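**Student:** Listed here are the chains, written in short residue letters.
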Amino acid sequence: MALYKKHTGKQTVKYTRNTSIMILLLLFALATLFPIYFMIISSFGDPVEAGAMDYSLWPAKVSLESYKFFFDYSEHSYRWLLNSLIVAGSVTVSNVIFATMAGYAFAKIRFKGRSVLFSILLCAMMIPYQVTQVPLYILIVNIFQIENTYRALIMPGLVTVYSIFLTKQFMSSIPNEIIECAKVEGCNQFQIFLKVIVPLSKTVMAVTAILTFMDSWNTFFWPFLVTNTMDMQTIQVGLKNFRFANTTYFAPMMAGATISALPMFILFFSLQKYFLEGVTVGAVKG
Amino acid sequence: MSQLAKVPTTAKVAKKRKWRGDNAWGYAFIAVALVVYAMFTAYPVVSAFIISFQEYRPLGSVFIGFENYINTFSDSLFWKSIKNTVVYTVLTVPVTLFLSFGVAILILPLKKRTQTAFKAIYYLPAVASGVALSVVWLWIFDPMPSGILNKLLGLFGISNLNWLGSSSTAMFSLVLMAWLSSHGTSIIIYLAALLGIDESYYEAADLDGANFLKKLWYIVIPFLKPTTLFLLVTGVIGSFQVFQNAYLMTGGGPDNATTMVGLLIFNNAFKYFEFGKAAAQSLILAAIIASISFIQFKFFGKNIEY
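Residue numbers (this note's numbering), protein chains in the order written: chain A, 1 to 286; chain B, 1 to 306.
For the record, the hints were derived by calculation from the structure and aren't laboratory data. All values derive from a computational prediction rather than experimental measurement. The reader is advised that the hints may include incorrect statements.
[What the hints assert, rightly or not] Below, computed lysine-lysine pairings styled on DSBU-like, alpha-carbon distance capped at 35 angstroms:
{"hint": "1", "chain 1": "A", "residue 1": "Lys14", "chain 2": "A", "residue 2": "Lys273"}
{"hint": "2", "chain 1": "B", "residue 1": "Lys112", "chain 2": "A", "residue 2": "Lys273"}
{"hint": "3", "chain 1": "B", "residue 1": "Lys112", "chain 2": "A", "residue 2": "Lys202"}
{"hint": "4", "chain 1": "A", "residue 1": "Lys61", "chain 2": "B", "residue 2": "Lys151"}
{"hint": "5", "chain 1": "B", "residue 1": "Lys80", "chain 2": "B", "residue 2": "Lys225"}
{"hint": "6", "chain 1": "B", "residue 1": "Lys298", "chain 2": "A", "residue 2": "Lys14"}
{"hint": "7", "chain 1": "B", "residue 1": "Lys80", "chain 2": "B", "residue 2": "Lys298"}
{"hint": "8", "chain 1": "A", "residue 1": "Lys112", "chain 2": "A", "residue 2": "Lys183"}
{"hint": "9", "chain 1": "B", "residue 1": "Lys225", "chain 2": "B", "residue 2": "Lys83"}
{"hint": "10", "chain 1": "A", "residue 1": "Lys10", "chain 2": "B", "residue 2": "Lys111"}
{"hint": "11", "chain 1": "B", "residue 1": "Lys112", "chain 2": "A", "residue 2": "Lys10"}
{"hint": "12", "chain 1": "B", "residue 1": "Lys225", "chain 2": "A", "residue 2": "Lys5"}
{"hint": "13", "chain 1": "B", "residue 1": "Lys83", "chain 2": "A", "residue 2": "Lys14"}
{"hint": "14", "chain 1": "B", "residue 1": "Lys112", "chain 2": "B", "residue 2": "Lys271"}
{"hint": "15", "chain 1": "A", "residue 1": "Lys202", "chain 2": "B", "residue 2": "Lys225"}
{"hint": "16", "chain 1": "B", "residue 1": "Lys214", "chain 2": "A", "residue 2": "Lys5"}
{"hint": "17", "chain 1": "A", "residue 1": "Lys273", "chain 2": "B", "residue 2": "Lys225"}
{"hint": "18", "chain 1": "A", "residue 1": "Lys273", "chain 2": "B", "residue 2": "Lys111"}
With the rest of the complex left out, here is chain A (with noise of 0.2 angstroms):
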């Protein structure tokens, strides 16, 4: 890297420099880990109420009760991480399918009002979602009639304009003569984009899967306003009231941060590439 020296010639300098480059680096990756290394930490201590306790950040025994401690506290608590997984599951496909779509023709197909159409779409990307949750919150309650179902937690989220822009902003490089060609071989758009575009779009739509599905998994807010009762919350809603329900039950509630935020921790590790890709998509080059 050129912009540091290379210090050739001086390996002591060049030692020294690394070295603290490392110590800062790792400090604020300890600051960074700590809240979730607390976490999980806490989650094998027992279920005892937090009166008198003393926090230790080194596990004195494991012990799974708070975890059972959790799950105790509502005949549906393993319902909301199944809840949680069928929404963000069809979420994630939904989003997959048509913004892939989408995203294909605002790119590829040339269609009468593509701008325009496209330049409303991201509009919607500049307005808070305060503006919108009152009407949405009516339209599902009120006039669709469909609260507290996952109808009601799925569709408002079957394909994002987020997804869309991330598969258009792919699909743009894809070049002009694969398409051409295949249109000279007799394909129709459909086919074009069936046998063409998937099988180059695999990252895009990896990424958009991995992004949707960790945006449904840990969202809180709208399954909050339109679940009422437990048997239809998500994970994430049921911490919430487990939070508000045993305020001094440090081990448990931990325990069901844990398990709230596991699953996506194991899609992290297993999938980072994607994740870290993910990021970058859609901001470089804005």
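Using the hints provided, position chain B relative to the given structure of chain A.
**Tutor:** Using the frame of chain A, we list chain B on its own:
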């Protein structure tokens, strides 16, 4: 389009037919997206405008003109929430950008593998759900002397603080939490931009005998200006909508010291069911966000070539 004019007439006709065919395909491909957008984004926005001029009642709302807006502007709590939001934004966004920039610069000379490891570590809090993080931070801010943060400060001889419970520290507590959990994305974006700077610029600077700081000032910072602008604008937009942490950790208290606009709108809508007032306030918020973004582009966007 200019190529179209050059092709002979027969081909032009053929192309035109193709065009018409493509129109149908285009609409077919975006149909679902458009329906979802129209129903769950466009309609609500239009509806928000209408609701903001009404006193909402489930069976037949009443049109009350600008009353919701007038009430909002004369409501001291609204102004306090704006002030809180501005304070929160000013304390979080620039610091996060500065930290991210610094970290990205430090990561840059490392080996690719180490870079990836650090990126993953810094991004991890962004993967955890906001509810989970708020639960954890709630205990980190435990006001008892045995609380983690109080213990840590105790090592430096600072006495106990009632972090979230006192109006003088509650806002700072939320800010501290933001500093330590919302930098992952910007670090990754900064690093990607840093890696995109062509080596030849540094080489030219080396020939001129520029040192590290000079290179940073004359090459890196100007090159990263579009990235900084992007992160600044999106950061401010996000920060103005902040709702979840205030709601889950302090509930806006104590004494409304952490009531942000987002939370105020939520309370008006879903605690007091004053939909009209909430809609009016949300549109004012949208206008504020739009004008701030516009000013940022005007002010910092100069000399940026996209």
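**Student:** Could you work out which earlier hints the structure fails to respect and list their numbers in ascending sequence?
**Tutor:** Violated: hints 6, 13, 14.
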